[in-house]
Amino acid sequence: MQEKNRYHILFHSAINNNILLFRMEREQMHPIHSSNIVVYGTGIVTAIPDQATVQLGVVTEGKSAQAVQQENNNRMTQVYQALLAYGIPQERIQTIEVSIIPQYEYIDGNQQLIGYQATNRISVQIDNVDHIGNIIDIAVTNGANQISDIQFQVADENQYYQKALQAALYNGSQKASTISHTLSRNISLQPVSIKEIPADSPALYKTYQSSFSANAAVPVSPGQLEIEAKVKMIYCFT
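Heads up: the sequence shown begins at 227 in our numbering, then just goes up one per residue.
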């Protein structure tokens with residue numbers, strides 16, 4: 227019985243070896259080539275920002291929680307009223323943080339309460355970036371002592387993205403043409419597949435983190451934004 231099993235195993239092993247040799251010879255006679263070419267296209271357009279968002283804050287400190295909170299409320303109310311008087315619509319102003327935090331200090335190895343810190347932050351949407359410097363000045367003059375997250379954006383972002391997408395498609399098609407010409411192989415006139423690739427990070431705004439004292443000048447320049455589009459394109463060799 228063992229002798230029979232041994233011959234059985236040898237027989238199948240020989241068959242498998244012959245099949246493997248046949249496949250290797252066939253692949254050497256007919257090399258396998260990829261029938262597709264994959265390229266990635268990138269398009270970038272620049273735009274001048276026409277909108278902005280800025281966060282304005284009031285931070286107060288003191289020994290009494292009630293007194294600190296009251297002072298903070300008074301100063302933020304003054305900032306809020308000044309923004310309304312300047313012409314900022316109420317719906318463009320949003321409260322994003324209200325907090326009061328106890329402050330501790332270690333004295334002789336013991337944790338002791340030394341006071342409180344109150345914070346009130348609002349986000350202001352600005353339709354005209356030319357006014358952002360004035361708005362910051364008004365806020366600081368009326369009691370704001372924290373300015374952060376200045377973001378610039380464009381109102382019609384889709385218009386610029388479509389131009390960037392067109393540039394990405396052209397860039398991808400040019401890459402495919404260069405590759406096919408270099409390899410002396412023809413490709414399909416149109417891609418058989420196109421896929422948009424999401425941007426790695428938001429490209430429609432710039433952010434600034436800053437704090438200003440009440441006497442600081444606030445020069446703000448929006449500069450230019452870059453809107454980027456990416457695509458993956460697949461062509462067929464013909």
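No lab work stands behind these hints, which were simulated from the structure alone.
Remember, predicted model here, so these are calculated numbers, not experimental data.
Even for Gly, the Cβ is constructed at its ideal location relative to N, Cα and C.
Please note: incorrect hints may appear among the correct ones.
Stated by the list, open to error - Cross-link-like lysine-lysine pairs, in silico, DSSO-like; alpha carbons within 27 Å at most: (1) Lys401 - Lys289; (2) Lys289 - Lys389; (3) Lys456 - Lys401; (4) Lys421 - Lys401; (5) Lys421 - Lys389; (6) Lys456 - Lys421; (7) Lys458 - Lys401; (8) Lys458 - Lys421; (9) Lys401 - Lys389.
What the hints assert, rightly or not - Have a look at the derived ranges for each label pair, beta carbon to beta carbon: (10) Asn384 - Ser447: 23 to 29 Å; (11) Asn262 - Val324: 54 to 60 Å; (12) Lys458 - Gly313: 45 to 51 Å; (13) Asp356 - Ile333: 49 to 55 Å; (14) Ser290 - Gly313: 53 to 59 Å.
| request: Report the numbers of all earlier hints that the structure fails to satisfy, in ascending order. | output: Failing hints, ascending: 1, 2, 14.
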